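**Q** Fit chains B, L, A, C and W to the given chain G structure using the hints.
Residue numbers (the numbering used here), protein chains in the order written: chain G, 447 to 650; chain B, 447 to 650; chain L, 447 to 650; chain A, 447 to 650; chain C, 447 to 650; chain W, 447 to 650.
It is worth saying that the hints were derived from the structure and are not from the lab.
This one's a predicted model, so the numbers in the text were calculated from it and none came from an experiment.
A few of these clues could be false.
Note that the list lumps identical chains together, so a pair holds whenever it fits in one copy or between two copies.
As the list claims (entries may be wrong) - Here are the simulated DMTMM-like pairs of lysine to aspartate or glutamate, each with C-alpha atoms no more than 25 angstroms apart in a straight line:
1. 453 with 498
2. 452 with 498
3. 524 with 598
4. 459 with 610
5. 501 with 527
6. 453 with 628
7. 501 with 610
6 protein chains.
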Amino acid sequence: MWIYEKKLEHPVKISCPDVAFAKLVITQYGGPDGELSASLRYLNQRYSMPFDNAKALLTDIGTEELAHMEMIAALVYKLTEGACPEDYQAAGWGGQYVQHDNGLFWTDANGIPWSAKYIAALGDPITDLVEDMAAEQKARATYEHLIQMTSDPCVKDMLRFLWEREVVHFQRFGEMLNTVQDWQAQKQHLWCGHRPPEEETEED
Amino acid sequence: MWIYEKKLEHPVKISCPDVAFAKLVITQYGGPDGELSASLRYLNQRYSMPFDNAKALLTDIGTEELAHMEMIAALVYKLTEGACPEDYQAAGWGGQYVQHDNGLFWTDANGIPWSAKYIAALGDPITDLVEDMAAEQKARATYEHLIQMTSDPCVKDMLRFLWEREVVHFQRFGEMLNTVQDWQAQKQHLWCGHRPPEEETEED
Amino acid sequence: MWIYEKKLEHPVKISCPDVAFAKLVITQYGGPDGELSASLRYLNQRYSMPFDNAKALLTDIGTEELAHMEMIAALVYKLTEGACPEDYQAAGWGGQYVQHDNGLFWTDANGIPWSAKYIAALGDPITDLVEDMAAEQKARATYEHLIQMTSDPCVKDMLRFLWEREVVHFQRFGEMLNTVQDWQAQKQHLWCGHRPPEEETEED
Amino acid sequence: MWIYEKKLEHPVKISCPDVAFAKLVITQYGGPDGELSASLRYLNQRYSMPFDNAKALLTDIGTEELAHMEMIAALVYKLTEGACPEDYQAAGWGGQYVQHDNGLFWTDANGIPWSAKYIAALGDPITDLVEDMAAEQKARATYEHLIQMTSDPCVKDMLRFLWEREVVHFQRFGEMLNTVQDWQAQKQHLWCGHRPPEEETEED
Amino acid sequence: MWIYEKKLEHPVKISCPDVAFAKLVITQYGGPDGELSASLRYLNQRYSMPFDNAKALLTDIGTEELAHMEMIAALVYKLTEGACPEDYQAAGWGGQYVQHDNGLFWTDANGIPWSAKYIAALGDPITDLVEDMAAEQKARATYEHLIQMTSDPCVKDMLRFLWEREVVHFQRFGEMLNTVQDWQAQKQHLWCGHRPPEEETEED
Amino acid sequence: MWIYEKKLEHPVKISCPDVAFAKLVITQYGGPDGELSASLRYLNQRYSMPFDNAKALLTDIGTEELAHMEMIAALVYKLTEGACPEDYQAAGWGGQYVQHDNGLFWTDANGIPWSAKYIAALGDPITDLVEDMAAEQKARATYEHLIQMTSDPCVKDMLRFLWEREVVHFQRFGEMLNTVQDWQAQKQHLWCGHRPPEEETEED
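Isolated chain G (complex conformation):
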């Protein structure tokens, strides 16, 4: 279970509201490679990891991504604070105002609602960790695109913080992939997971 602590993982500051950028950055809230995708992918996969360290890593990063999701939510709220309907319309985001007022919603930058089709869980630790590494790369690239599209130094700073965290997560998933591969090489008889298909027909 989770305990909510009433603070953000990292402060969220902006120089001035910018509805047009809010429309873009929301993809990291509810888009294919955003923080919700990350959190739900990792928290879901942890049960099928073969040992405790791996489960713990997925729990830790999955929980941190929840905090990142909250930072992006705070960012979008600040970027749209005090915005009137005309501001949304001018930013090409009138549909957001009509459908959600100043509220948020789990969509990408085109307004597509989040779907679990964006993420995967194969129940195979090697596969799931490579999937997680790809997820971190996709989040990293998206943050790079976003950093290019704002000129607000406060926003750039905060997005760089999140960018750095994705790079760290990528490395940690890479290390765990090595650990799991070593463990599989050494202890395969104790693990009840998949064997190479060549061996399968003999036993089942």
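**A** Just chains B, L, A, C and W, lined up with the frame of chain G:
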């Protein structure tokens, strides 16, 4: 941000594995009226609530629903523990095994991946609280259907615990709806939200 | 069955075409909280209501929402009447022209096609009526947002008419909820629906 | 607008409940080629038809498809009348019971919620009428498959009635396609629709 | 199987980059009536055609549509070549840049990801061929809309080439429909497909 | 463009029809980690690769995946050859028969239509290649699950062939990832792609 505490909100016990019931109960994990829907609905709405108590209520219940989601995950893992491919096939859930092995995924009982289209946020506190009350009713009814479909007393107990929490949440959202309505009646000039449409043309 | 009567429930007039507003108001045609959602939600639920008054209410309101859907369609056609491709492009709605010409389609303001994931039916009369009350609130809030985003007094008038109907429907669903709750309290032994889960294990 | 008349277009009788067949026939309620698809396709397209006869045809058939949708709803309710959770489970439709009780929902035979992605409207009368002819063929084929999958003569009768209506609609759309093509050949200068692309560059 | 030949079916030239038009024309890449829809519809249906000519026609056209899809991809790449983030933003396509950089994605002009819900396969040759004729009409109409929305003569030329191919495919599907209907009339006893439903009950 | 060669990449043989297994293996046709996903992912990404070898690799593998998709189609057709409606119903796949007869459709094992939400393209060569490696792992794991669920040695053989191809593709994408990383390290000034975000503010 959230801190993970390594325990479940309530113990999850089963009498014996039951893949066929796992196929049904997964709707409370990733189905339209399940715990993910609940948590993401409330955590997303809290920013547009007009005062701190209301924000806190949505944060609290949203966080508790994360814990319920984890309980359902634990339940599904226990119900499928040690199940072999044939068990999945016999339960009409072979597709789950092929696509996710013994892992979980955010789907309903038919395998439909979770979609944010299931939930809503209108940015209007009255609307969002009535939506939340409906959500609790839908979760309650789903738990009643599930309780009817298992004969395992341990599982029934755990589902009843979750059923009770939905009833409590329904009441708490109902009380907050009253509070917000009173607040709107008394302090409408201070609140920057929507006015009755009759008054709108004068000012904009 | 339904008989088509060749008139609108309420006249639809506009002062002048406005493609940009058409792009927004289409969410009440095919968006999550629009008239199609309302109509299909109620018409679908009526069979599982426990007595005739409740069935009739859902049929009546579901049928009226079909008429509202037609009014919104007429509004969108008038707002786009005579518009050329450049007008669509200038309104940020070029994709609509390319994909549907001057025709309509069942989408929200971002072009997302309508999905039954937006609506619910739990087969439980209490739940379904609370869901319906939430639906009316969501439609009400959306009309308020739209009224803010047009300056055409004819369009405002027509949207206010629809807004008022949602308020009336909300009240009628609320009254029916009371009626069903009274009926359940008095006649629970005659009704074959769900009992409180505490009583269930004894009998099944 | 529509007036509801409290009778079915054609009587719906069954010999005995059959949950397994209800699970299949529901595709004509909320599946890709079902009655909802038909009705919403035609009612949406009518505004962009070039003359009144064509608009009226789409209104008439679209309204009749609403009545067919209601017949399918009545059929599914009768096929599941009195069914208990175990009956749903035995029919491989336990998810339906858990998520909707004895209620209906707009899905196909796999539980996929209805989506407007199933239908089309290009705003071009020739295109839309050919699309409508294809829709009638798809509904016809689906009814043939369903007739093969039930042995209940009452159900076969009712499905044959609907099958025949699809054949009639196909013919009527075909006749209207001829009419529109003739009209376009004779009156092309009066019609503001698309010209052959070869002529376009001169004028725009 | 397919062999890739490193050339386009028809040259793709543009006068100058035009991100705003790229945003529209992408619907022919990943939109409901685009080239991916066409190719996947035909390649999927060919197995259930009753004789070799029909299978071959679907294979040929399905393979050609792959080549058209590649031409559209090349067109979008050229239209966006050298575009910077600001160019995307100015064209109302900032979300594309953020989510895909200068890469492509299978979406319509609103950013909706491609879905197999757009296409159909009923396993009945008559039905599938009428569906295919409708598909060609829809693609034709979409090309007409696009030709209206660009003033670049090179782009118009290329789109006219594709437009003409759709017209040819429509005719070829129409001819095959006649062939299949004749074949069914003459050889119905040899074909194991559907019979008229009147005859069905006797035999099953 | 592509040339169709009328043979399969590898022969497809089965010992006897098996509708229940066809229902599972179809996920490699139209499911999240199937051959269509693979092909469309790679063919779409190739344009944003920074040099010709990388483009060619994606074209080659994307084209080979088309051939694998065709092998899976052939397998499903053979597994269902001669199956009557009752066989589909007995295999829990009655909905497939009703909606598609003996035809195929682009779905996963639960009947969910294919969606481009399953795949990604970030326009960043490192990201896209890691994504592709994850895709190959997911396909590999799915083939392992399928191999476990059939006892037909011919089918196992064919699936092992496809399994092996995924492993080879994984290695080839891994090698290309190294090549691209080396190239980026040596030639970063010549490449117009993303720079580390630390350097960005100076220049834009």
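**Q** Please go over all the hints and tell whether each is borne out by the structure.
**A** Results of checking the hints against the structure:
Taking identical chains as interchangeable, the C-alpha atoms of residue 453 and residue 498 lie at most 25 angstroms apart only when they sit on different chains, with a minimum of 14 angstroms there against 29 angstroms within one chain. Proximity of residue 452 and residue 498 under a CA criterion of 25 angstroms is satisfied inter-copy only: 12 angstroms between copies versus 29 angstroms inside one chain copy. Proximity of residue 524 and residue 598 under a CA criterion of 25 angstroms is satisfied intra-copy only: 13 angstroms inside one chain copy versus 31 angstroms between copies. Taking the shortest alpha-carbon separations for residue 459 and residue 610, only the intra-copy value of 17 angstroms comes in at or below 25 angstroms, while the best inter-copy value is 41 angstroms.
Taking the shortest Cα distances, residue 501 and residue 527 sit within 25 angstroms of each other only across copies (17 angstroms), while inside one copy they are farther apart (39 angstroms). Neither within a single protomer nor between protomers do residue 453 and residue 628 lie at most 25 angstroms apart by alpha-carbon distance, with minima of 39 angstroms and 29 angstroms respectively. In this homomeric assembly, residue 501 and residue 610 come within 25 angstroms of each other (Cα to Cα) only inside a single copy, at 22 angstroms, whereas the closest approach across copies is 29 angstroms.
In summary, the structure is inconsistent with hint 6 from the numbered list given earlier, while agreeing with all the others.
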